[in-house]
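A.B. asks: Residue numbers for the sequence shown, in this note's numbering: 73 to 447.
If you are wondering where the hints come from, they were derived from the structure by calculation, not from laboratory data. Check the hints yourself; a few may be wrong.
For each label pair, taking beta carbons as the anchor points, the in silico distance ranges come out as [claimed, not checked]: (1) Arg419 x Glu109: 29 to 39 angstroms; (2) Gln127 x Thr204: 20 to 30 angstroms; (3) Gly228 x Phe287: 27 to 37 angstroms; (4) Val158 x Gln178: 20 to 30 angstroms; (5) Arg83 x Ile440: 55 to 65 angstroms; (6) Arg404 x Ala153: 43 to 53 angstroms; (7) Gln178 x Leu327: 50 to 60 angstroms; (8) Pro175 x Leu446: 56 to 66 angstroms; (9) Glu252 x Ser328: 19 to 29 angstroms; (10) Ser221 x Glu295: 40 to 50 angstroms.
On a predicted model such as this, the values are computed, not experimentally measured, just so you know. Positions of the beta carbon are idealized from the N, C-alpha and C atoms, including for glycine.
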Amino acid sequence: MSEAGKRGSSRRKGDEYQDLTALRLALDSYITRKPFEMFLEYEQSGNLDDIVIFQGTEVFAYQVKYAVNTLDVYESSDFIAPESPVSLRRLADSWKAMRVRFPGHQLSARLCSNRALHPSLVDLVTSEGKFTQDVIEDRRRGDAKKLRSELASASGLDVSLFSLFLMDFQFVLRQPTLLELEEHIRTVLLDKELGLSDGTIFLELKDAVKHNAIFSRDAITAESIDNLLERLQSKLLIPQVFPINKDHFVEQKHLSVLLDRALLQINSGYLIVTGLPGSGKSTSLTQYFERLHRKEFEVFSYYCFVGVNDNAQRMRVEAESLRANLLCEFHRRYPGVLKRRFDYSERNFLECLSRLAKFFVDQGRRFIIFLDGLY
Numbered sequence: 073m074s075e076a077g078k079r080g081s082s083r084r085k086g087d088e089y090q091d092l093t094a095l096r097l098a099l100d101s102y103i104t105r106k107p108f109e110m111f112l113e114y115e116q117s118g119n120l121d122d123i124v125i126f127q128g129t130e131v132f133a134y135q136v137k138y139a140v141n142t143l144d145v146y147e148s149s150d151f152i153a154p155e156s157p158v159s160l161r162r163l164a165d166s167w168k169a170m171r172v173r174f175p176g177h178q179l180s181a182r183l184c185s186n187r188a189l190h191p192s193l194v195d196l197v198t199s200e201g202k203f204t205q206d207v208i209e210d211r212r213r214g215d216a217k218k219l220r221s222e223l224a225s226a227s228g229l230d231v232s233l234f235s236l237f238l239m240d241f242q243f244v245l246r247q248p249t250l251l252e253l254e255e256h257i258r259t260v261l262l263d264k265e266l267g268l269s270d271g272t273i274f275l276e277l278k279d280a281v282k283h284n285a286i287f288s289r290d291a292i293t294a295e296s297i298d299n300l301l302e303r304l305q306s307k308l309l310i311p312q313v314f315p316i317n318k319d320h321f322v323e324q325k326h327l328s329v330l331l332d333r334a335l336l337q338i339n340s341g342y343l344i345v346t347g348l349p350g351s352g353k354s355t356s357l358t359q360y361f362e363r364l365h366r367k368e369f370e371v372f373s374y375y376c377f378v379g380v381n382d383n384a385q386r387m388r389v390e391a392e393s394l395r396a397n398l399l400c401e402f403h404r405r406y407p408g409v410l411k412r413r414f415d416y417s418e419r420n421f422l423e424c425l426s427r428l429a430k431f432f433v434d435q436g437r438r439f440i441i442f443l444d445g446l447y
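From just these sequences and the hints, can you work out the full model?
C.D. replies: So, in structure tokens, the structure goes:
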């Protein structure tokens, strides 16, 4: 069933679809921790300006189009007619300019839409939306050869450049509708992958992308998404630094020797260190764990008390704060091992502990959580 809309709503839906497509692409890279820079309405890429993503030496330039009627298809005339929004001449000119502007980069020019291709065009491309090799090399006959010739003429490129353009061009079609795309972002990317089930976070991200497209020339990066999500989730995150005056610190050798022996004997379970208040337990243990050989041990620390002037003193002894801060550090160090980065539930905490424990065992390392002041 196609989506129906009021007359004049197509442009508004198109802008929203572009923003949601950008958000999906950004979150896809963010979740896999691929470094990227994304620019919206990029002024240096001509008509391929809707979404431009830099990943290393690769550049992905998207023109995004939305069809209110999901049964719409692209016909050959859409690419041949000079006045068409997806005129091949416009796309080819932009591709050519970007090749000059970004030498040494592998360029991928992409048309992204929820439309499909007309059957007369489907035979020219692979299932991935790339032109087939025999079309690129002009080895087809009959109607396919004639259509390629018409496309080449419409592009305004010479023979060799047109073949290169076909190699770099990709159709990203039959994409989700506007409502389906929003649902995918909410349920799959945010909830399932990142553990963000709060609907207001989706709206915050969507508004951030919209604001960037209209007002900002800055890139959207994994770091900028980190900052936004951590700001939205920051109510439970507190500094995990225990202040030590190293000029006055004197190592308790006997304690270090006992800990060395105990850690070698423990394959699982816990070790408790007790002593009178102010006897130097936190200071000594902090220094000890900081000096452990990193190739053999991985240590995560959580402080239930760091000082009488700490504004978060009451929060530190709450179980939710302990889970949130440890989970945040788990994901910061090992984003490729864990999922649901912002899920601070007990269930996910146990799941992450199990995953990390197996990961370190497979590496032949020891996994230690240092909980200071827990009582």
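A.B. asks: Hint by hint, which ones does the structure fall short of?
C.D. replies: 9
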